[in-house]
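S.K.: Now for the letters of each chain:
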Amino acid sequence: MKDYYSIAKTSNFKSLVEQGLMMKQEASDFSGIGKDKTLVIIFFSPSLRTRISTHKAGLKLGMHVISMNAGDGYQMEFDLGSIMNGNTAEHIKEAAKVLSQFGDMIAIRAFPGLQSKEDDLKDQVLKGFIKYATVPIINLESCLHHPLQGLADAITIEGNKKTAKPKVVLSWAPHPKALPLAVPISFAQAMNAMDYDFVVTHPQGHELPPELVGDLNIEYDQRKAFENADFVYAKSWSSTQYYGIPNPDLSWIVDAEKMAFTNNGKFMHCLPIRRNVVASDSVLDSENALIYEQAGNRVFAAQSVLHSLIEHS
Amino acid sequence: MKDYYSIAKTSNFKSLVEQGLMMKQEASDFSGIGKDKTLVIIFFSPSLRTRISTHKAGLKLGMHVISMNAGDGYQMEFDLGSIMNGNTAEHIKEAAKVLSQFGDMIAIRAFPGLQSKEDDLKDQVLKGFIKYATVPIINLESCLHHPLQGLADAITIEGNKKTAKPKVVLSWAPHPKALPLAVPISFAQAMNAMDYDFVVTHPQGHELPPELVGDLNIEYDQRKAFENADFVYAKSWSSTQYYGIPNPDLSWIVDAEKMAFTNNGKFMHCLPIRRNVVASDSVLDSENALIYEQAGNRVFAAQSVLHSLIEHS
Amino acid sequence: MKDYYSIAKTSNFKSLVEQGLMMKQEASDFSGIGKDKTLVIIFFSPSLRTRISTHKAGLKLGMHVISMNAGDGYQMEFDLGSIMNGNTAEHIKEAAKVLSQFGDMIAIRAFPGLQSKEDDLKDQVLKGFIKYATVPIINLESCLHHPLQGLADAITIEGNKKTAKPKVVLSWAPHPKALPLAVPISFAQAMNAMDYDFVVTHPQGHELPPELVGDLNIEYDQRKAFENADFVYAKSWSSTQYYGIPNPDLSWIVDAEKMAFTNNGKFMHCLPIRRNVVASDSVLDSENALIYEQAGNRVFAAQSVLHSLIEHS
Chain G
1 MKDYYSIAKT
11 SNFKSLVEQG
21 LMMKQEASDF
31 SGIGKDKTLV
41 IIFFSPSLRT
51 RISTHKAGLK
61 LGMHVISMNA
71 GDGYQMEFDL
81 GSIMNGNTAE
91 HIKEAAKVLS
101 QFGDMIAIRA
111 FPGLQSKEDD
121 LKDQVLKGFI
131 KYATVPIINL
141 ESCLHHPLQG
151 LADAITIEGN
161 KKTAKPKVVL
171 SWAPHPKALP
181 LAVPISFAQA
191 MNAMDYDFVV
201 THPQGHELPP
211 ELVGDLNIEY
221 DQRKAFENAD
231 FVYAKSWSST
241 QYYGIPNPDL
251 SWIVDAEKMA
261 FTNNGKFMHC
271 LPIRRNVVAS
281 DSVLDSENAL
291 IYEQAGNRVF
301 AAQSVLHSLI
311 EHS
Chain H
1 MKDYYSIAKT
11 SNFKSLVEQG
21 LMMKQEASDF
31 SGIGKDKTLV
41 IIFFSPSLRT
51 RISTHKAGLK
61 LGMHVISMNA
71 GDGYQMEFDL
81 GSIMNGNTAE
91 HIKEAAKVLS
101 QFGDMIAIRA
111 FPGLQSKEDD
121 LKDQVLKGFI
131 KYATVPIINL
141 ESCLHHPLQG
151 LADAITIEGN
161 KKTAKPKVVL
171 SWAPHPKALP
181 LAVPISFAQA
191 MNAMDYDFVV
201 THPQGHELPP
211 ELVGDLNIEY
221 DQRKAFENAD
231 FVYAKSWSST
241 QYYGIPNPDL
251 SWIVDAEKMA
261 FTNNGKFMHC
271 LPIRRNVVAS
281 DSVLDSENAL
291 IYEQAGNRVF
301 AAQSVLHSLI
311 EHS
Chain L
1 MKDYYSIAKT
11 SNFKSLVEQG
21 LMMKQEASDF
31 SGIGKDKTLV
41 IIFFSPSLRT
51 RISTHKAGLK
61 LGMHVISMNA
71 GDGYQMEFDL
81 GSIMNGNTAE
91 HIKEAAKVLS
101 QFGDMIAIRA
111 FPGLQSKEDD
121 LKDQVLKGFI
131 KYATVPIINL
141 ESCLHHPLQG
151 LADAITIEGN
161 KKTAKPKVVL
171 SWAPHPKALP
181 LAVPISFAQA
191 MNAMDYDFVV
201 THPQGHELPP
211 ELVGDLNIEY
221 DQRKAFENAD
231 FVYAKSWSST
241 QYYGIPNPDL
251 SWIVDAEKMA
261 FTNNGKFMHC
271 LPIRRNVVAS
281 DSVLDSENAL
291 IYEQAGNRVF
301 AAQSVLHSLI
311 EHS
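Protein chains in written order, with UniProt numbering: chain G, 1 to 313; chain H, 1 to 313; chain L, 1 to 313.
Bound-form chain G, shown alone (with noise of 0.2 Å):
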């Protein structure tokens, strides 16, 4: 593993899986696994949960960790060749290169503009970064990715399985603004890696795109997606079709008349997430609900990822 950009090009994935919960069940000291190591970490977009979980799982493992936020007013030029006199101050080959010389490794977040699906498809930021650092890169959620989200999920599901092979359903859900599609990718990604029986349902319109996920088992009608699901993970996102038009439809909410059909279902989502909208409060407060330790295993899922890095660097 070179760089940690998406679930799909990491051909260790399951592995990460089973380091991540051998992290979390072992009560070892990891302290010495990045001695002398720095990571830095870069902010083009806000963050919480991933600063504080990818901050914590580097400092676990000895690391040194620098953290900041790019900025407003940090413009970056993509483009070869052209003559900067306008509003890019820096040409990413420049600010990649010049990572590469203060970390071992670059952890960056770059949201999508969802202006244009044609210009987030591009992932330009994290693209650019993997093109010209010479040092490993982690995406904490590019236009396109979230995959150490995508890693903690798996981790969580793998922690509360009770049959080798669940049925875990991706729900889409409503909410009053337009949502990347990172998350759904990477978690429809994770899912694709380890084999579970995986079925999506989604509005029309909403499908993710199949060069990144693959041939996805799509269920239209929500409640028949349920039956018999032993996890249902909600999300929002962004439709496909009309790309960037918030779709608040309430109808798709996740509610306890509907995780009646599943199979006794646990419940996820990465968090934040919009009460009584994405899902009701009976399901957010049930005890079948799994969004707390889903984000506590962000911080495994960080300490794997930054543990093979180091291996294999």
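Please note that the accuracy of each hint is not assured.
With a cut-off of at most 16 Å between alpha-carbon atoms, the simulated EDC-like pairs for lysine to aspartate or glutamate come out as follows [what the hints assert, rightly or not]:
hint, chain 1, residue 1, chain 2, residue 2
1, L, Lys97, H, Glu311
2, G, Lys224, G, Asp197
3, G, Lys97, L, Glu211
4, G, Lys24, G, Glu158
5, G, Lys35, L, Glu207
6, H, Lys97, G, Asp285
7, H, Lys24, L, Glu287
8, L, Lys165, L, Glu207
9, G, Lys97, L, Asp285
10, L, Lys131, L, Asp3
11, L, Lys97, H, Asp29
12, H, Lys97, G, Glu287
13, L, Lys9, L, Glu293
14, G, Lys122, G, Asp79
15, H, Lys37, G, Asp29
16, H, Lys165, H, Asp197
17, H, Lys37, H, Glu311
18, H, Lys167, H, Asp197
19, H, Lys117, H, Glu207
20, L, Lys131, L, Asp79
21, L, Lys37, H, Asp197
22, H, Lys35, G, Asp29
23, H, Lys97, G, Glu293
24, L, Lys35, H, Asp29
25, G, Lys97, L, Asp36
26, H, Lys177, L, Asp197
27, L, Lys24, G, Asp36
28, L, Lys97, H, Asp197
29, G, Lys37, L, Glu211
30, L, Lys177, G, Glu287
31, G, Lys162, G, Asp123
32, L, Lys117, L, Glu207
The set of hints was computed from the structure by calculation and includes no laboratory data.
Owing to the predicted nature of the structure, the values given are computational and were not obtained by experimental measurement.
Please build the complex by placing chains H and L on the supplied structure of chain G, with the hints as guidance.
M.R.: Structure of chains H and L alone, referenced to chain G:
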């Protein structure tokens, strides 16, 4: 001690003062106390002194410290049962429970809006975190309390007093802006806990909430209040009668003429201070000013609280 | 060395260069040098390279490092005796004395406003901190000086020079914005201290302040200046005649045609750089470009300065 929210609710306040003084005087290495513990610090409001002194205290105890600004756009929901399709992006229940996965203790700053006294008296952010978090919460200044400042103030007086029960005067001061009540409330609670001879002087209409500070000895004549004082603590706070309306009445400035009424009294202020508005240069630059020592004691106050929370966890 | 404010005021500059080179080449563990020392870093202006390289240098020396942005709203008072009932919230005297309680040394960045040359020449923030602080101050780029950049530049030239006294050319460059004088002033002071054959080339009206850089060898014909140069350092800076007015004159770009006049010269720039404005892609992407090595040397420059300040404290 489960949380460090207010001084009145801290039964072991005197021992925190003693421990702070001890940690200041001893040259010991305290870095084993917080080993493998993580302190998460979240700022909903700006901070300089509190940010650096608390961060330093954590590092001195050997803790991992992760500090972040919550950001302007991050609005939290406090009501139960609400349908979150408006501006609030996360319920405080999730925020508190998630951060409890990452930190062994969580320190939070959240200032009042100073628009509605009724709202500010609810102290929603800190009280919400205490309600839902599963780890100790440390108050870095809320709408109503600044207990680390109050502890540093008590440490400063204990370290400088010449009699067992010194006379301490809290003197309201003018300011071009209306300021929160947190510092004077915590100072009053600290003085109550320390059993000093404590007098408060302020204009009519600036009475501190009796349900928080108890039955204070108020002297509306500032010069009379200063008579024989060993310590004078100047601080501006909003009128409680005309809440949020500035009171720039310069006749309340602390200057050399007024300090002459004291018993060669020491001058205190939590900083930052408006020179020649709150107090005159002659007072601030005199040998009797303890303002820099007070700021330095913020580190030992935070060390004492962190130490106590670790011991009792 | 008490503070690290400017290169001209640093009597041991050459030994800082040697120490930086030594720390770069040795694989030793320097983490004992800064044990139990705290480095406080305050940014009044944005930073990426300086932020990360200085933070990393502190951690490498085993220091506790606490870094923060001072924030937009935090305006400081510089005048003595003023009645602070306006926009300034804290006098620099308090800021400096308080931070001296928290840090064993304080590093500060504060850019010029580029509105008034007279104001910027006062360099109020850095000079105020040096005046009032009781611990060493490190300049992370002020209105007038960027001495860590100048030190990294000298380390880079020392590590790459092939003759004892190479010819070094500082070449003014066009830019869509007027830029500060700090980098060229510190570079000129560094070159003066190193006794290289130093030539400056720039358009009329861009003369650097002689009271800061001394009697420079100025050659107004850029191509003539480049003849037989071993190193060419490109940098834009504001006109000193028409202060703050941009000069985008692209005829001053550093390109391959001009570099052909040099003695197979190395190309330097402090980054970020506007490609095809300051220098052409052909120069930046050539084997003779030292720009990434220069950025990497920022860490060793900072390590050298921190080491020296700790030794002399």
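S.K.: Between L:Lys117 and L:Glu207, is the straight-line Cα distance small enough, at 16 Å or below?
M.R.: Roughly 13 Å between the alpha carbons, so the hint for L:Lys117 and L:Glu207 holds.
S.K.: Does the structure keep H:Lys117 and H:Glu207 at a Cα separation of 16 Å or less?
M.R.: OK: H:Lys117 and H:Glu207 at ~13 Å, within 16 Å.
S.K.: Holds or violated: L:Lys97 with H:Asp29, Cα cutoff 16 Å?
M.R.: Not OK: L:Lys97 and H:Asp29 at ~25 Å, beyond 16 Å, violated.
S.K.: Is the hinted pair L:Lys37 and H:Asp197 satisfied, with a Cα-Cα distance of at most 16 Å?
M.R.: Since the Cα atoms of L:Lys37 and H:Asp197 sit roughly 39 Å apart, the hinted pair is violated (cutoff 16 Å).
S.K.: Taking 16 Å as the top limit, are the C-alpha atoms of L:Lys9 and L:Glu293 close enough?
M.R.: This hinted pair is violated, its Cα atoms lying about 26 Å apart.
S.K.: Within 16 Å, alpha carbon to alpha carbon, are L:Lys24 and G:Asp36?
M.R.: Holds - the C-alpha atoms of G:Asp36 and L:Lys24 are around 15 Å apart, at most 16 Å.
S.K.: Between the alpha carbons of G:Lys224 and G:Asp197, is the straight-line distance 16 Å or under?
M.R.: 15 Å, holds
S.K.: What's the verdict on G:Lys97 and L:Asp285, does the C-alpha distance respect the 16 Å limit or exceed it?
M.R.: Holds, at about 12 Å.
S.K.: Is it true that the CA of L:Lys131 sits at most 16 Å from the CA of L:Asp3?
M.R.: 11 Å, holds
S.K.: Compare the distance between the alpha carbons of L:Lys35 and H:Asp29 with 16 Å, and conclude whether the hinted pair is satisfied.
M.R.: Since the Cα atoms of L:Lys35 and H:Asp29 sit roughly 11 Å apart, the hinted pair holds (cutoff 16 Å).
S.K.: Can you confirm whether the C-alpha distance between G:Lys97 and L:Asp36 stays at or below 16 Å?
M.R.: 33 Å, violated
S.K.: With the threshold set at 16 Å, check whether the alpha-carbon distance from L:Lys97 to H:Glu311 stays at or below it.
M.R.: Roughly 33 Å between the alpha carbons, so the hint for L:Lys97 and H:Glu311 is violated.
The earlier numbered hints that this structure contradicts are 1, 3, 5, 7, 8, 11, 13, 21, 25, 26, 28, 29, 30, 31.
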